[in-house]
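Line order of the protein sequences matches chains A and B.
The first sequence stops at residue 296 when you use this note's numbering, and every number in between is there.
The second sequence stops at residue 269 when you use this note's numbering, and every number in between is there.
Don't read these hints as lab results, they were simulated from the structure.
Ideal Cβ placement from N, Cα and C applies to all residues, glycine included.
Misleading hints may appear alongside valid ones.
Here are the simulated lysine-lysine pairs, PhoX-like style, with alpha carbons at most 20 Å apart [stated by the list, open to error]:
no.	chain 1	residue 1	chain 2	residue 2
1	A	Lys209	A	Lys225
2	B	Lys8	B	Lys153
3	B	Lys101	A	Lys17
4	A	Lys127	B	Lys11
5	B	Lys101	A	Lys72
6	B	Lys101	B	Lys11
7	A	Lys209	A	Lys241
8	A	Lys127	B	Lys8
Using C-beta positions, here's what the derived DEER-type ranges look like [claimed, not checked]:
no.	chain 1	residue 1	chain 2	residue 2	range
9	B	Val18	A	Gly120	49 to 55 Å
10	B	Thr22	A	His23	57 to 63 Å
11	A	Asp173	B	Ala127	40 to 46 Å
12	B	Ser195	A	Ser92	21 to 27 Å
13	A	Ser92	B	Val185	23 to 29 Å
14	A	Arg200	B	Glu120	34 to 40 Å
15	B	Ser16	A	Pro165	40 to 46 Å
16	A	Glu112	B	Ile146	55 to 61 Å
17	A	Arg200	B	Val18	53 to 59 Å
Listed below are the residues making up each chain.
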Amino acid sequence: MRTPVIDITDLSKSYGKISAIEHIDLAIEEGEIFGFIGPNGAGKSTTIRILMNLIFPSGGNARILGMDVIRKTREIKRRTGYIPSDANAYSSMDVNEFLNYCASFYGIRNGEGRIRELCGLFELDSKRRIGDLSLGNKKKVSIVQGLIHNPELLIMDEPTIGLDPLMQSVFFDQLRSENRKGLTIFFSSHVLSEIQMFCRRVAIIRDGKIIQVEEIDSLRKKQLKKVFIEFTEPVKAAELKFTGIQDPNEGPGNTLSFMFSGDLNQLTAFLAGKKIINIMIEEPSLDEIFMHYYRI
Amino acid sequence: MNQVLFLKEMKRHAVSLVIWMTVITILISVTMSVYQPFMENQSKVLGMLSLIPKGALQFKGISNISDLSSPLGFYAINNVIYMMVLGSIFAIVTSSGILLKEEYNKTAEYLLTRPVTRGEVFLTKLAVMSLNVLLINVVTSLAGFISLEIVKKTGFSIGSFLILSLYTFLLNYFFGAAGLLLSTVVRRPKPITTSSIGLVLIFYFIYTVSKITESVSKLGYLSPFRYVDLNVVNAGYKADPLNIAFFLVLSSLMVGASYRIYLRKDIYT
Chain A
1 MRTPVIDITD LSKSYGKISA IEHIDLAIEE GEIFGFIGPN GAGKSTTIRI LMNLIFPSGG
61 NARILGMDVI RKTREIKRRT GYIPSDANAY SSMDVNEFLN YCASFYGIRN GEGRIRELCG
121 LFELDSKRRI GDLSLGNKKK VSIVQGLIHN PELLIMDEPT IGLDPLMQSV FFDQLRSENR
181 KGLTIFFSSH VLSEIQMFCR RVAIIRDGKI IQVEEIDSLR KKQLKKVFIE FTEPVKAAEL
241 KFTGIQDPNE GPGNTLSFMF SGDLNQLTAF LAGKKIINIM IEEPSLDEIF MHYYRI
Chain B
1 MNQVLFLKEM KRHAVSLVIW MTVITILISV TMSVYQPFME NQSKVLGMLS LIPKGALQFK
61 GISNISDLSS PLGFYAINNV IYMMVLGSIF AIVTSSGILL KEEYNKTAEY LLTRPVTRGE
121 VFLTKLAVMS LNVLLINVVT SLAGFISLEI VKKTGFSIGS FLILSLYTFL LNYFFGAAGL
181 LLSTVVRRPK PITTSSIGLV LIFYFIYTVS KITESVSKLG YLSPFRYVDL NVVNAGYKAD
241 PLNIAFFLVL SSLMVGASYR IYLRKDIYT
């Protein structure tokens, strides 16, 4: 059996009586694109910061590429890329200087080619001062520095914050390409659609505890929608007599809202006999998903 | 020690080092340029000084006004504030920011996720701080020496000058070590520069008050300035092993404690 690329066992971090994460177990296999999702403050960044040896666990242990994250931090970091959620590089440096500085830690002397390739891909002007860049461009710098040394594992903490949709698409395409070459990706986010689109497996964390680890396909099967309909005439919630309806609510002005995880054909058949002014079907917030699927 | 980080840090601190060196050198040179006119009117000036209360003179660092007649005595009394106080402020400001600014500016996430250990980062930054303190001392002492050579009417002991320079370096380094310790125990970096400067000034204040007020003279032992011997005109002036040991032991303890704390410190950005 192969050793997991990331192997977390009974990992905890507490600050006095407050627990940031509690008894986390997680194993990420080689070549996986693994999502780590949870609302803000759930413990995603704490877990990642322990993996990167920025903070120390209160209990349990974590191994990356078979090595202990505290004792073998240098070896791990040589083979791991990290993209932090904050994109604050050295503001007085220009992009090229910063990227060359990062590359030199890996003994890469001719990093120019790789730097030029990645800067070109992300449309980054390498001569500009980092302090003068927009948040989106700073984020691109952060992404490039994480990939500059061709790591075996890439750990990312909310990497798409600040990136426009077009650049997000370029970013994910690049990651898929790197993944095909063997890169394992561990990726935290609070945007479910991003995780669903990109990852094969996901761990859901809330209040410092892993609630569920599952395949994206099975999560998709449970897919929950938030439905809001405005009718011309009053419609009673009791009329919604098909499966997959949760928390129906009759609102003001002939409106009806509910969570729906059933067959969309049944919903459209029900609506076919009604006169509708407006309809909205949206992705629920993570909290709503947790409340409905995990009942915590 | 990491060479890449060392070079980057030296470059980062170069401008500040040059500015501080220049300011202290100018102050020393300007002060020493007063020595010749002072000697030409020595009897008048000393007469005037003798009218000033002893406490006020001691506040300025003058224990014995006749010390001013000697070029080295004049140098020690008039430049103490520049080399000892300003040099210590430079050392503590440099060292207190050298680790903490990486956290405050959120660049620690880039530095500490490179293939370097915490120990290497600490030792590299310590080397940068030490070299900065050494360089400012070498340059300002050299400026002092050249000034002395230019303005001297009588000879002075080079050995005594070197001992005084050693004391200055050890005092500056003491504050450098204190700054490192502060930066590893403090969680909020923003007020650290002000606190660091405040610390130097408080110690200097304790030292001067202990010198002019007999009833609190023992308080002076709390201040590192007390362990610098400024009586350079004494024929038997030499490096006091106890004073030297005070600086070496305390600086080593502070650096050692900072190292231990930094190895296990949670880095938040």
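- Check each numbered hint against the structure and report the violated ones by number, ascending. Those not satisfied are hints 1, 2, 3, 5, 7, 9, 16.
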